[in-house]
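Trainee: Sequence:
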Amino acid sequence: MLSLLFLACVSGPPATGDGVSDEGGGDPSDSEIAGCEAIDADADGADACDDCDDDDALAYPGAVERCNGRDDDCDDALGAEEQVDADADGVGDCIACDEAGFGAIPGDLGGAALVDALHEATSGQDCADYSAETDWMFVELDKTSDGTVECVYTGRRTAVGSDKPDATDMNTEHTWPQSLGADVEPAKCDLHHLFPSDADANNARGNLSFAEVSSVDRWWDETGESALGEGTWEPREVHKGNVARAMLYFAMRYGYATDPGQLALYRSWHAADPVDAAERTRTLRIRDRQGEANPYVVCPDLVDRL
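To convert, note that position 103 of the sequence shown is 102 in numbering that gives the first Met the number 0; the numbers rise steadily by one, no gaps.
FYI, nobody ran anything at the bench for these hints, they're computed from the structure.
Treat the hints with care, as some may be off.
As the list claims (entries may be wrong) - Straight-line distance between alpha carbons at most 25 Å, and here's what the computed SDA-like set of lysine to any residue pairs gives:
no., residue 1, residue 2
1, 142, 116
2, 142, 272
3, 142, 176
4, 142, 153
5, 142, 162
6, 142, 165
7, 142, 157
8, 142, 168
9, 142, 127
10, 142, 186
11, 142, 278
12, 142, 156
13, 142, 277
14, 142, 131
15, 142, 155
16, 142, 118
17, 142, 126
18, 142, 284
19, 142, 280
20, 142, 115
21, 142, 202
22, 142, 170
23, 142, 167
24, 142, 273
25, 142, 276
26, 142, 236
27, 142, 287
28, 142, 113
29, 142, 237
30, 142, 184
31, 142, 158
32, 142, 119
33, 142, 130
What the hints assert, rightly or not - Label pairs and their in silico Cβ distance ranges:
no., residue 1, residue 2, range
34, 231, 168, 21 to 27 Å
35, 49, 156, 16 to 22 Å
36, 255, 277, 36 to 42 Å
37, 147, 122, 24 to 30 Å
38, 49, 108, 23 to 29 Å
Ideal placement from N, C-alpha and C gives every residue a C-beta, glycine not left out.
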């Protein structure tokens, strides 16, 4: 088994006019310390004495670890997710970001500029046959080894054979509603926002906006999590992050704005229900079929830069 690739960033001492360095084991001179303290090439607030990568504004002591194979927080270790290597290929599983083609997105992009860059980077996403794509979703993509699929809102499971279930039992949830823009291909058949759903729960959700429901009219999950109330819909906890990443993806890919309130909600759900191996595998399988992965799944740190 290959060991995980670890690229540590080490700051070397700055050159001095008299050729003095600390390579011989001595302490750096006051002039050397003063020199690097005055340097902050990437303007991230950490001087070159402490910054393990003074060319990257997102790498500094205490920074958030990204899925990039580098030591972003300067603690001489990769992030916990980067150390998971389920397929034993020697590369952390979350390095799927680079493998999916998004590693070239500049680290200093944020907000609208980042959305524009991701829109361009996902331009290869395509599909044309809604029926064929949803057939594949039920029969291949989301069917588990026991031959069932699970409703994302209720957790109820139903058996699936070589055809998708009867639409009155389980059908397709458009996380971004068809009535609000997901009614024409390729948006309609884009599997990054389509999921299996109990028919009644899907009908109840309709085109309601997602929110944290404080006054519940009806629970749609036996655990009391998916809820309808106040003209809004709250998914169960284990699907909130998936919803957030699907909605942010759809808005980015098809040119819709996300208002500040919704963005704050999606960020909170993204943090509370982070990407897991199943969601990562799902988006990469969709990439193999339809052309692109959801960048917010394979590069989860992007959400915090919106």
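Trainee: Confirm or reject each hint.
Mentor: Status of the hints after comparison with the structure:
Among the hinted pairs, residue 142 with residue 116 is inconsistent with the structure: their alpha-carbon atoms are about 33 Å apart, more than 25 Å. Taken as a hint, the residue 142 and residue 272 pair is honoured in the structure, with Cα atoms around 22 Å apart against an allowance of 25 Å. Among the hinted pairs, residue 142 with residue 176 is consistent with the structure: their alpha-carbon atoms are about 23 Å apart, no more than 25 Å. Between residue 142 and residue 153 the CA atoms are separated by roughly 16 Å; this keeps the pair inside 25 Å, and the hint holds.
Simply put, residue 142 and residue 162 have alpha-carbon atoms about 11 Å apart, close enough for the 25 Å limit, and the pair holds. For the hint pairing residue 142 with residue 165, the CA-to-CA distance comes to about 15 Å; that is within 25 Å, so the pair holds. The suggested pairing of residue 142 with residue 157 holds, with an alpha-carbon distance near 10 Å, which does not exceed 25 Å. For the hint pairing residue 142 with residue 168, the CA-to-CA distance comes to about 15 Å; that is within 25 Å, so the pair holds.
With a C-alpha separation of about 22 Å, the suggested pair residue 142 and residue 127 falls inside the 25 Å cut-off, and the hint holds. A threshold of 25 Å between alpha carbons decides the hint, and for residue 142 with residue 186 the separation of about 23 Å falls inside it, so the pair holds. Under the criterion of a C-alpha separation no larger than 25 Å, the hint pairing residue 142 with residue 278 is consistent with the structure, at around 14 Å. Simply put, residue 142 and residue 156 have alpha-carbon atoms about 10 Å apart, close enough for the 25 Å limit, and the pair holds.
Between residue 142 and residue 277 the CA atoms are separated by roughly 12 Å; this keeps the pair inside 25 Å, and the hint holds. Distance hint between residue 142 and residue 131 is fulfilled; the C-alpha atoms sit about 15 Å from each other, no more than 25 Å. Between residue 142 and residue 155, the direct Cα distance comes to roughly 13 Å. Compliance with the 25 Å bound is thereby established for this hinted pair. With a C-alpha separation of about 30 Å, the suggested pairing of residue 142 with residue 118 is violated against the 25 Å cut-off.
With a C-alpha separation of about 21 Å, the suggested pairing of residue 142 with residue 126 holds against the 25 Å cut-off. Straight-line distance between C-alpha atoms of residue 142 and residue 284 comes to about 13 Å, which keeps the hinted pair within the 25 Å bound. A threshold of 25 Å between alpha carbons decides the hint, and for residue 142 with residue 280 the separation of about 13 Å falls inside it, so the pair holds. A distance of roughly 34 Å separates the Cα atoms of residue 142 and residue 115; the hinted pair therefore is violated under the 25 Å criterion.
Of the supplied pair hints, the one linking residue 142 and residue 202 holds, its CA atoms being roughly 22 Å apart against a limit of 25 Å. Distance restraint check for residue 142 and residue 170: the Cα-Cα separation of roughly 13 Å lies within the 25 Å cut-off, and the hinted pair is therefore satisfied. As the CA atoms of residue 142 and residue 167 are separated by approximately 18 Å, the hinted pair is consistent with the 25 Å bound. For the proposed pair residue 142 and residue 273, the alpha carbon gap of about 22 Å is at most 25 Å, so the pair holds.
Our distance criterion of 25 Å between C-alpha atoms is met by residue 142 and residue 276, whose separation comes to about 16 Å. Distance restraint check for residue 142 and residue 236: the Cα-Cα separation of roughly 21 Å lies within the 25 Å cut-off, and the hinted pair is therefore satisfied. Restraint check: the Cα-Cα separation between residue 142 and residue 287 comes to about 17 Å, which is no more than 25 Å; the hinted pair holds. Using a Cα cut-off of 25 Å, the hinted pair residue 142 and residue 113 is violated, with the two alpha carbons roughly 34 Å apart.
Note on residue 142 and residue 237: the hinted pairing holds, with a Cα-Cα distance of about 18 Å set against a maximum of 25 Å. In summary, the hint linking residue 142 to residue 184 is supported, as the alpha carbons are separated by about 24 Å, within the 25 Å threshold. Between residue 142 and residue 158, the direct Cα distance comes to roughly 9 Å. Compliance with the 25 Å bound is thereby established for this hinted pair. Our distance criterion of 25 Å between C-alpha atoms is broken by residue 142 and residue 119, whose separation comes to about 32 Å.
About 17 Å separates the Cα atoms of residue 142 and residue 130, which keeps this hinted pair within 25 Å; it holds. Taking 21 to 27 Å as the suggested C-beta distance range, the pair residue 231 and residue 168 conforms, at roughly 26 Å. The hint said 16 to 22 Å for the Cβ distance between residue 49 and residue 156, and at roughly 52 Å that hint is violated. The supplied range of 36 to 42 Å is broken by residue 255 and residue 277, whose beta-carbon atoms lie about 27 Å from each other.
The hint said 24 to 30 Å for the Cβ distance between residue 147 and residue 122, and at roughly 35 Å that hint is violated. Distance hint check for residue 49 and residue 108: the Cβ-Cβ separation is about 25 Å, which falls inside the suggested range of 23 to 29 Å.
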